[in-house]
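Trainee: With the hints as constraints, model all of the structure from the sequences given.
Here is what each chain is made of, one letter per residue.
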Amino acid sequence: MKNRLRQLRAERTWSQGDLAERLGVSRQTVNAIETGRYDPSLPLAFRIARLFTLGIEAIFEPETGVVDEWR
Amino acid sequence: MAGDPPVEAAKRAVPESAPAERGCAHSARDARAQRRFRNLAALFSIVYLGAAVGMRWRYSLPVLSYGLVAAATLAAVFATWSYLRFLRGADELLRRIETEALALGFGVGLVLAILTPLFEKLGAPRLGGFWVAPAMMIAWSFGSWRGSRHFAGGRDGDGA
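Protein sequences, first through last, are from chains A and B. Residue numbers 1297 to 1367, in my numbering, belong to the letters of the first sequence in order. Residue numbers 4 to 163, in my numbering, belong to the letters of the second sequence in order.
These are calculated hints, taken from the structure and not from any lab test. As the structure is a prediction and not an experimental result, all values here were calculated from the model. A virtual CB, placed ideally from N, CA and C, is assigned to each residue, including glycine. Do not rely on the hints blindly, as some may be mistaken.
[To be verified] Here are some chain B residues the structure puts well away from chain A; computed CB gaps all over 10 angstroms:
(1) Arg38
(2) Ile49
(3) Met58
(4) Val135
[As the list claims (entries may be wrong)] Computed, partial: chain A to chain B, Cβ under 10 angstroms:
(5) Val1321
(6) Arg1323
(7) Gln1324
(8) Ala1328
(9) Tyr1334
(10) Pro1336
Mentor: Structure below.
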């Protein structure tokens, strides 16, 4: 899953620790999501979307081909 | 979007995590719960060793032996309860790392428990059942360390 989390965080000049605190997760979790090594749970994805006042699909995007496979 | 100048400027301006923060990836709550579990696990190890040594006097001092075994059992129950509490309250990534590590430990323990007798029949040195638990714990610790390394890696692993 690709995401725009790093960009959105950068726009607000938040550190990973700042974002982690706002989301109630560890900094390691934020880092793993940003680097694409970990896909967040649905509740966390909703929390992220709500924090940035965006839709989930505006932040997270499946890797190319994943959506097509399910169509 | 990536080439958008304001965004690039914002990315450059993003504060790096403090050096102390880099080494402490878990939240304070998780670290506290993990420390509690480790303390109880250490207590269990000590009581277990005490009980194992105390077995020498199981005929001359049966009450002491029963007491030591009961204490070891109690310590094991407390350690397990503490680990469950830690796992339930853990950050979701940490929970995933721990679950995968537990699966590795369980798998290694299962393989050893099932295959060791066969290897022994083929002439391999006799290990006995005693080594299954330590091997499980070593595999679990390795899985935990490996999982932390895996999810902490990546191009932005410095917290920028």
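Trainee: Taking the numbered hints from earlier one at a time, note which ones the structure violates and give those numbers from smallest to largest.
Mentor: none
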